[in-house]
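Here the protein sequences line up with chains G and Z, keeping their order.
Take the first sequence: its letter number 30 is residue 30 in my numbering, and every next letter is one higher.
Take the second sequence: its letter number 258 is residue 258 in my numbering, and every next letter is one higher.
Derived by calculation from the structure, the hints in this document are not laboratory data.
Be a bit skeptical, because a hint or two may be false.
What the hints assert, rightly or not - Okay, the calculated beta carbon distance ranges per label pair: (1) G:Pro-49 / Z:Leu-293: 45 to 51 Å; (2) G:Arg-48 / Z:Ala-122: 20 to 26 Å; (3) Z:Glu-70 / G:Arg-19: 22 to 28 Å; (4) G:Pro-7 / Z:Glu-239: 46 to 52 Å; (5) Z:Asp-229 / G:Pro-49: 46 to 52 Å.
In this text, all values refer to a predicted model and were calculated from it rather than measured experimentally.
For each residue, glycine too, the CB sits at the ideal point set by N, CA and C.
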Amino acid sequence: MAVILLPSLLAREAGGEGRFETDAANVRDALRGLPIADLLFDERGNLRPLVNVYVDREQIDDLKTPLEESTEIRLVAAVAGG
Amino acid sequence: MGVAALVGTRKGLFVLTGDETRRDWNVEGPHLTGFEVFHATRDPRDGTLHAATNNWVYGATAHRSSDQGETWERAEQIGLPEESGLTWERSWHIEPGHADEPGTMWLGGTPGALFKSTDGGATWEPVQSLIEHPTREKWNPGAGGLCCHSIQIDPSDASRIYIAISAAGGFRSEDGGGSWTPINKNVAADFFPDNPFPEVGQCVHKLLVHPAQPERIWQQNHCGVYRSDDRGDDWERLEDNGLPSGFGFPLALDPADPDTAYVIPEEGAENRVTPNGRLGVYRTRDGGASWKLLKEGLPQQAWASVMREGMSFDRLEPVGIYAGAQSGSVFISPDAGDSWVEAAQYLPTILSVEAVEWQ
Numbered sequence: 001m002a003v004i005l006l007p008s009l010l011a012r013e014a015g016g017e018g019r020f021e022t023d024a025a026n027v028r029d030a031l032r033g034l035p036i037a038d039l040l041f042d043e044r045g046n047l048r049p050l051v052n053v054y055v056d057r058e059q060i061d062d063l064k065t066p067l068e069e070s071t072e073i074r075l076v077a078a079v080a081g082g
Numbered sequence: 001m002g003v004a005a006l007v008g009t010r011k012g013l014f015v016l017t018g019d020e021t022r023r024d025w026n027v028e029g030p031h032l033t034g035f036e037v038f039h040a041t042r043d044p045r046d047g048t049l050h051a052a053t054n055n056w057v058y059g060a061t062a063h064r065s066s067d068q069g070e071t072w073e074r075a076e077q078i079g080l081p082e083e084s085g086l087t088w089e090r091s092w093h094i095e096p097g098h099a100d101e102p103g104t105m106w107l108g109g110t111p112g113a114l115f116k117s118t119d120g121g122a123t124w125e126p127v128q129s130l131i132e133h134p135t136r137e138k139w140n141p142g143a144g145g146l147c148c149h150s151i152q153i154d155p156s157d158a159s160r161i162y163i164a165i166s167a168a169g170g171f172r173s174e175d176g177g178g179s180w181t182p183i184n185k186n187v188a189a190d191f192f193p194d195n196p197f198p199e200v201g202q203c204v205h206k207l208l209v210h211p212a213q214p215e216r217i218w219q220q221n222h223c224g225v226y227r228s229d230d231r232g233d234d235w236e237r238l239e240d241n242g243l244p245s246g247f248g249f250p251l252a253l254d255p256a257d258p259d260t261a262y263v264i265p266e267e268g269a270e271n272r273v274t275p276n277g278r279l280g281v282y283r284t285r286d287g288g289a290s291w292k293l294l295k296e297g298l299p300q301q302a303w304a305s306v307m308r309e310g311m312s313f314d315r316l317e318p319v320g321i322y323a324g325a326q327s328g329s330v331f332i333s334p335d336a337g338d339s340w341v342e343a344a345q346y347l348p349t350i351l352s353v354e355a356v357e358w359q
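Next comes chain Z alone, as it looks inside the complex (with noise of 0.2 Å):
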């Protein structure tokens, strides 16, 4: 089994693969083209591709393809319950659900909206606990829109879901997604200078569960990096610690090392793009006590950035680790992150990356 990236852009769909090396990469596509993809992945329990799809005319749907990109058949229509008052906007993360449930798959979207579907995204059910959520009236949208980007499920219990909406904060659900559980303890709003700990209103920008820990979450916020070893119950700011900047989108984690992780910092939140003028990827390897600068084989001269989608890992030994900047480069490391070649370069503004098994 091989491993490709999947690369969503504004314009399409790209698929690169790799060699056993994963420094040499073949660029193969556009696929969807007409419309943006958001995020797309493979269903490990089938091999079917999935995209999270947009287009400004034509509005959010999704897409799915079981023979490698060849041909794509697109969801039934998506929409929200009349009583809610809100319609579906966008399209932003698609996630195969537990591998104990075959053909169950989630989206995640604007406006801060869930779709469980239980045919393998032919057709979607909104979930409605979440329009209904107590806490929905706080929630605000952030940049892009009040967005439900973030949709993990813990390998040890189908039952626990994860989500992040931008700008509501974590939630967990123990009941399959009956019903969801603000879990955004110690975790600031600074945007909220009169209550900057508020039980719901955090702008997460990413959210992982690490696969082999999964009690063990990381966040990417607006306001920080976080860990949580309680499921979310409890997180701890990782700070003043080597990172240049508490601010960034994107997230990666070793899935063979819980205390690992990856950022890409930006500036803050006025000015978002790469800190000190250069393409810097950190990690820590101490659970987020300490951060180090990884920048061999990076642009030592730029204004990136990469969005929460942005990066990805592979579950090869040692861990690859796949960012996509808007400018249009794929940077990949084959080691970790100790190294990393320009995989591809001119495709459309990216928007996600997802690293996945390939045959």
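Chain G with its partners taken away, still in its complex shape (with noise of 0.2 Å):
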């Protein structure tokens, strides 16, 4: 099974569980699995411009990318504000 990290935030957000197991076959279907969909993706589906999406510590900007059985996901904020 794949693995998905989150950051504190969206672990709060999904009910105290920062560490989901998935056996989708790309990234954004493990990503629209997740309870905290909405605070990722907009209502048309396109994810928020602000969130990082790191596969086995890479960065990738395309969802279709596959999962493999130890592949980890990590879900990063973009770094600004204040």
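Hey, can you piece these two chains together into the complex? The hints should help.
This is the structure:
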């Protein structure tokens, strides 16, 4: 199973769970299956522009990136703000 | 039943609970950390807390709590229909529906949109009639975006709803949100020198219906303070009467006296701080014919600003008035504005204050 790791705010919104396992075929499907998908995607299904997705420590833009058994997805908010 | 002030900030929600004197306050929180709380309220029908919440990364949503803030649930995805070409950008104001319609809630925000919930805020449906309003192309965003920030339900008629959008103006529905009539007659839009009294496009900053005399409506506008005695069909501009400026954002009323209102003027659109270097609340007790500066207990050297959701009033006698400044201080008057206490300070930037019943 691939693993998704959430930052603390998303983990709290997911009911206190910061680690999810998934058998989805690709990154998009994995993220859409999370209980916080509404915070990651807008109502059109577009990934919000300041949500960065890392797969096995590499930032990706293509959400169709396939998942393998040991893939680790990490969600990181863009560094900005104050 | 006691009273609390729900204080929405850039960094979460704080709850101020007071004793019977309304002069000593306890600060509890923050709740909803990580979210900007543009507005929060308590549903008097069932005690649920509701918050209009935004995060600069994760978008606009709404939260609710049935245990006075201990735990929160987030609404299902809030969104606008694809054919509108619009996307939901920011949640501004959340308002319980009429007492006869339990479970009904309203949520307003950017881009000039309104949502209705019939399940207590779990799910939200966009109000299509506003998305498709024939005047929409004439609406323009103010500095805070094209925000639907005022939602008022006529307590005498559940089907009569008022909203205000900056800068589209005020609108009234007589059919529960099925259609909307602009209510901007004699409300100035001085920023349109070629047509300063258009049908729509006015920059309403806050609009309130008087709870006991609901045909009387007040508004603080970009271009003056106004009162209507006919449900918004016509408006009277209240100026040259003691106010240092017609520009300001927040507004408060006295539920026991329809002739009383409170505003916090700012110097003007180009310098949005309290005038004369002091934080002053101005009160009228004659329907806006004259205004008096209230200053006892308020800082006499201050260049403060109180945002459109930053003032509120309770239902006690005498009325309590609540004001939260962007500086992080909450000022509360337990005696209708005659004197004030600084109930909290050093909070994050305050976006909203709502006085609610509290057990």
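Here is how each hint holds up against the structure:
no. : hint                             : in the structure
1   : G:Pro-49 / Z:Leu-293: 45 to 51 Å : holds, 46 Å
2   : G:Arg-48 / Z:Ala-122: 20 to 26 Å : holds, 22 Å
3   : Z:Glu-70 / G:Arg-19: 22 to 28 Å  : holds, 24 Å
4   : G:Pro-7 / Z:Glu-239: 46 to 52 Å  : holds, 50 Å
5   : Z:Asp-229 / G:Pro-49: 46 to 52 Å : holds, 47 Å
Of the numbered hints stated above, none is contradicted by the structure.
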